Structures are given as C-alpha cells and as structure tokens.
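Chains A and B, in that order, are what the protein sequence lines are. This note's numbering applies: residue 1 is where the first sequence begins, and numbers increase by one. This note's numbering applies: residue 1 is where the second sequence begins, and numbers increase by one.
Simulated from the structure, these hints should not be mistaken for laboratory data. All figures in this text were calculated on a predicted structure; none of them were measured in a lab. Among the clues, some could well be false.
[Said to hold, decoys possible] Pulled a few chain A residues facing chain B out of the computed Cβ check, cut under 7 angstroms:
| no. | residue |
| --- | --- |
| 1 | Leu14 |
| 2 | Ala27 |
| 3 | Phe28 |
| 4 | Pro30 |
| 5 | Val40 |
| 6 | Arg44 |
| 7 | Met96 |
| 8 | Leu119 |
| 9 | Ser123 |
| 10 | Phe142 |
| 11 | Ala149 |
| 12 | Gly162 |
| 13 | Met165 |
| 14 | Met166 |
For glycine and all other residues, C-beta sits at the position ideal for the given N, C-alpha and C.
Number of protein chains: 2
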Amino acid sequence: MQTEIDANLLAEGLVRVQREVDEVFDAFLPVPQDSRARLVEAMRYAAIGGGKRVRPLLLVSTAELFGVDRDAALRAACAVEAIHVYSLIHDDLPCMDDDDLRRGKPTVHKEFDEATAVLAGDSLHALAFEILSEQATSTDPFIRSELIATLGSASGMNGMAGGQMMDMMSEEEDYDLHTITRLQQLKTGALLAASVEMGAILGRVPPEGRVHLRNYARDIGLAFQIADDLLDYEGDEEKAGKALRKDEEQGKATFVSLMGVDKAREQARALVEQAIGHLASHGKDADMLRAVARYIVERDR
Amino acid sequence: MQTEIDANLLAEGLVRVQREVDEVFDAFLPVPQDSRARLVEAMRYAAIGGGKRVRPLLLVSTAELFGVDRDAALRAACAVEAIHVYSLIHDDLPCMDDDDLRRGKPTVHKEFDEATAVLAGDSLHALAFEILSEQATSTDPFIRSELIATLGSASGMNGMAGGQMMDMMSEEEDYDLHTITRLQQLKTGALLAASVEMGAILGRVPPEGRVHLRNYARDIGLAFQIADDLLDYEGDEEKAGKALRKDEEQGKATFVSLMGVDKAREQARALVEQAIGHLASHGKDADMLRAVARYIVERDR
Chain A
1 MQTEIDANLL AEGLVRVQRE VDEVFDAFLP VPQDSRARLV EAMRYAAIGG
51 GKRVRPLLLV STAELFGVDR DAALRAACAV EAIHVYSLIH DDLPCMDDDD
101 LRRGKPTVHK EFDEATAVLA GDSLHALAFE ILSEQATSTD PFIRSELIAT
151 LGSASGMNGM AGGQMMDMMS EEEDYDLHTI TRLQQLKTGA LLAASVEMGA
201 ILGRVPPEGR VHLRNYARDI GLAFQIADDL LDYEGDEEKA GKALRKDEEQ
251 GKATFVSLMG VDKAREQARA LVEQAIGHLA SHGKDADMLR AVARYIVERD
301 R
Chain B
1 MQTEIDANLL AEGLVRVQRE VDEVFDAFLP VPQDSRARLV EAMRYAAIGG
51 GKRVRPLLLV STAELFGVDR DAALRAACAV EAIHVYSLIH DDLPCMDDDD
101 LRRGKPTVHK EFDEATAVLA GDSLHALAFE ILSEQATSTD PFIRSELIAT
151 LGSASGMNGM AGGQMMDMMS EEEDYDLHTI TRLQQLKTGA LLAASVEMGA
201 ILGRVPPEGR VHLRNYARDI GLAFQIADDL LDYEGDEEKA GKALRKDEEQ
251 GKATFVSLMG VDKAREQARA LVEQAIGHLA SHGKDADMLR AVARYIVERD
301 R
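So here's chain A without its partners, still in its complex pose (with noise of 0.2 angstroms):
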C-alpha cells in the first residue's frame, strides 16, 4: 500500500517538473534569426523533451519543504538539469565514451555534428550560471551568489568534471571499492547532492540545518550509481535509451564487478532506507523525497 502512493506520487511528480522543465527550457532557448540557429536547435535537442529529471525533483521537492517559490525552485532546477545535460553532450562524444544513442534517439553529435555537440555543450554550461545569475530573478543577491558557488564547485574539477576524468582513467587503472565510490561521489553524488543543497539554500536554510539533507543526498547519490551500474550490467537496452554494458568492454571496475549483482543491489537498498532515515524529522511534506529515494534504485532506465 505505502509503495503504491508513493508510486502516484512520484509519477505525478516526474510528470509535472518534466513539463515545467520543458518550459523554462523553451523560454529560455529562442531559436535566433542568424547562424547561431543550429546551436540553439541542438541546445533544444538535448534539452527539451527528455531526460528523468531526477535533479529538478530533487531540488523543488527540497524547496516545497522550506515554502520556496515555485518558480524560483524551478529556475535553479533547470541550471542545475542545463549542467547535467551539458555534461551528457560531452561524455557522448568520439573522444570521450563515443555514444551513439541517448535517451533514445541519437546524440548531439551523431544528429548534429561534433562541433555543434562541443558548442552546445558549453552554451548549455554557461546557460546554467546565466539563470541563475539573471537580474529579473526574485530570489536575492546573496541566496544567489551561494546557489551559484554550489552549482559551480559540483560542476567543476572538485565536482561532475574531476570524477569523469577519474572514470576515463579507471580503463587503465585497477581501482578498488573506495576509488570507485570517492570516484561516484564526484561523478553523479556532487551535483545529486548540489541539487538538494540548492533547494535548502534557497528555503534560506542555515548551513548547519542542511546537515541531514546533505546525508540524505548523499546516500541516494550513492545508491544511484549502483543502481546504474546494475541497469548497465542487467538493463535492457531499449528501455534505458542507451547503450549497456559499456563498463565490461572497457574493462572498468564498477560496483557490480567489486561487490557483485546480489551484494550491490543489497547495498544499494539499504543507503536508500538510510536515506529516508535522515529525513525522519520531516513530516508527510518529504514524501516525494521518500519516493525519490526508492524510485533511484527501482527505475528500469
């Protein structure tokens, strides 16, 4: 019964940030009259239309709890979503995981080119911090500047990019557990985990109030990527919209490969029930962040 409401809860969830998302994108990617249209039409490629939108839940179900504008929660979801999706455009490409296929259809490269793919990527970059920095916004200029230094520093070598070097290095490196997670935390925790921070900054949570959200994220962050892991060893292609089993040709270590199929799925359960551990001061309002948690290890793609 309890996993069935969260189910509605969460499908509702998706469904309503996955259509909000969709329009700020939109609003915020006019085609222009000029060559600078092919970029912006890959930008509205990658952007629009796809994805989970794991991130932009994560942040306006964190928000919704401290009373943020539903609006200004958006706006920060859809930076944080632009960073996720720019970094997709990149990991795609020839010279980093040479993908073909993404969310189902083709990626930017493979529909566009790879110069447009490079581009689009760094407009979307750019983008991110664009919105958030934007002067019409309503959110105050230090709320601001601190949603920017977290978006910023998960983005960055300490953050997104220094784990994806750290992932293009595990082909020739033998890693072990601790390398692998330390390497999870960077790749997907830091900007799982940026998202969820976000929403408290902006419901003006005092940094040690933060304490057990910043657990809670953690833990799916981790949880996540085990689940991803199992997904590219277990998964079915078509509905992941991706290519699987990538990890094993490149001979990378992964979750799975250290732990094994039982042991992390094990795993990966329980950091979820630790998860919704650390929100046990939260009433009924952090029910969509309980459905998220389960949702992470659940989801088939």
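Mind docking chain B on chain A? Use the hints.
Showing chain B alone in chain A's frame:
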C-alpha cells in the same frame, strides 16, 4: 615621445598582470593526489605562463579608474581569462579548428589527449564561476551576482559560443561585412567588453555611467579582430605562436578579405582613435586603457 611613454606603461602593465594572473591560477589549481592530477595538469598547462592577458589588463585597468581593490579585480580578471583559455582549448580541438600550436607550444589535445582537452576546458569554464562566487571574496553579493551575469552572458550562446558557431558556419555561408562584424562582436567583442564592464561593476559604476566605457570596449573589440585578421593574413607564425592563414584556406570571409589590407588597417587605426576619444572624460588615470587600445592594433602576436 607619447608613443614611447605608452610603450613603457603598457609593457609594465602587461608584465605585472601576467605575473599576477599566473599567481592566482596557481593558487586555484593545486594538483590533487588522485587520478584527477592529469586533468588539473592540463588546466595548468593551458592557463599558466602564456597568453598576452589583454582581458585581465583591461579589467584591472578599468577597475583602477574607480579605486577598486587590486585583489578583487584580479580575481575577476582571472575568471574572464579562465573563460578565454577554456574557449581556446575547445576551439583548437580536431572537430573545431584543429590546431596543433597555441602560444608557441602544442595545443592541449596534442600535449595530453582530446578527452582531457574537453574536460580541461569544461573545468576552466566552471572555475570561472567558482572564482566569481567564492564565499571568501570581499566583494558584496550584489556585485558578485552582476559580475556573474555579465560573464555568463558574454560567454554563452548570445556571446562567445554563439560567435564561434557563426564562425564555424562561415565556411559554408557567404558572410557580408555586416554579418562578419556581428560575428566578431559576439566571438571576440563580447568577452573584451565584459572585461571592461566587470571592472566598472566592481567600481560600483551604475549602468548609465558605463556608456562611454562600453563604447570604448566596442571599438577596441572590433579593432582587435581586424588586427587579428591582418596578423592572420601577413603575420609571422613563429611570433604568433600558432598557425596562420587558415581563414583563407578554409574560404572564410574576414575583414581583410572583404575590405582589403589597406582599408582594414586604416579602419583598425580609426577605431582605436575613436575608442580613445571615448575616454576624454578621464585624465592620466586612463592612460593604461589608452595604451591597451594602441597595443591592440600594433601587436605582432
């Protein structure tokens, strides 16, 4: 005599800002003790010990007009330079301009590899916003927010990246002088203008007080690009430290191809005089900005 004084002033200004920018980058880029080391080494390779540092000099010289603290100005200057350096790394990629030489040494993807070059560019891009949003900075949050908005918009699809896209399309399209001017205003002009603008923002100059500086920046931006086209056409590859005469090979229209060498040189000089004219309300304190304007058309690299 005037020219001699300018040259000394400029040489001192450049040498000083080159050293200072290197110091700031060095402090922001400690090499981590894990497999991200290669990434940070690539960032250091591209960012430290090279480059004319025209943008930083513009920013700190403008800030100086308004008595801005040198350290605050330098940090902002390094944010702009980080954007400039990231754009050079990505522009040099095989799928973009495919250049092997930059600032007299192998480009990042040649010295390291393509994937590292993509990630080093991305990480310098993020670093720019990390630097600007740093909590430790003495700058107030409203100013920080305005700096970030200015830099974000100068670097994204409506600035540098948009101009780069137009430039890529110019191999296939026949651009006229109007379109080339627009292209260059985005590709080169936006970031040069942002440098001046950010110096004034740090100086708490309200938008209406920045009009003459914006005009100065617009004129030197255009002069800079015409001078670049002239260098590309008749410059010395060894002094330039990069491959020249590529525009002609690729059949791209330039100021030189559209106006001819003599007319282009004349136009660049006229723009510089016009730029200096916009500084008439300033006294000797703007001599560095005047010297930079002259340097922009007289440089040999």
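Each hint tested on the structure:
Taking 7 angstroms as the C-beta contact cut-off toward chain B, the hint placing Leu14 (chain A) at the interface is violated, the least distance being around 28 angstroms. At its closest, the beta carbon of Ala27 (chain A) sits 14 angstroms from a beta carbon of chain B; the interface hint therefore is violated under the 7 angstroms criterion. Annotation: interface hint on Phe28 (chain A) violated; nearest CB of chain B at approximately 10 angstroms, more than 7 angstroms. Interface hint status for Pro30 (chain A): violated, as the beta-carbon distance to the closest one in chain B is roughly 10 angstroms, over 7 angstroms.
The interface hint given for Val40 (chain A) holds, since its Cβ lies 6 angstroms from the closest Cβ of chain B, which is under the 7 angstroms cut-off. For Arg44 (chain A), the interface hint is violated, the least distance from its beta-carbon to any beta-carbon of chain B being 11 angstroms, above 7 angstroms. A hinted interface residue such as Met96 (chain A) counts as satisfied when its beta carbon comes closer than 7 angstroms to some beta carbon of chain B; here the least separation is about 5 angstroms, so the hint holds. At a threshold of 7 angstroms, the smallest CB-CB gap from Leu119 (chain A) to chain B is about 5 angstroms, leaving the interface hint in force.
Because the beta carbon of Ser123 (chain A) sits about 4 angstroms from the nearest beta carbon in chain B, less than 7 angstroms, this interface hint is met. Using the Cβ-Cβ criterion of 7 angstroms, the hint placing Phe142 (chain A) at the interface with chain B is satisfied: the shortest such distance is roughly 4 angstroms. A hinted interface residue such as Ala149 (chain A) counts as satisfied when its beta carbon comes closer than 7 angstroms to some beta carbon of chain B; here the least separation is about 4 angstroms, so the hint holds. A least Cβ separation of about 5 angstroms between Gly162 (chain A) and chain B falls short of the 7 angstroms threshold, and the interface hint therefore holds.
Below 7 angstroms, beta-carbon pairs count as interface contacts, and Met165 (chain A) has one with chain B at about 4 angstroms; its hint therefore holds. Look at Met166 (chain A): its Cβ gets to within about 5 angstroms of chain B, closer than 7 angstroms, so that hint holds up.
In summary, the structure is inconsistent with hints 1, 2, 3, 4, 6 from the numbered list given earlier, while agreeing with the others.
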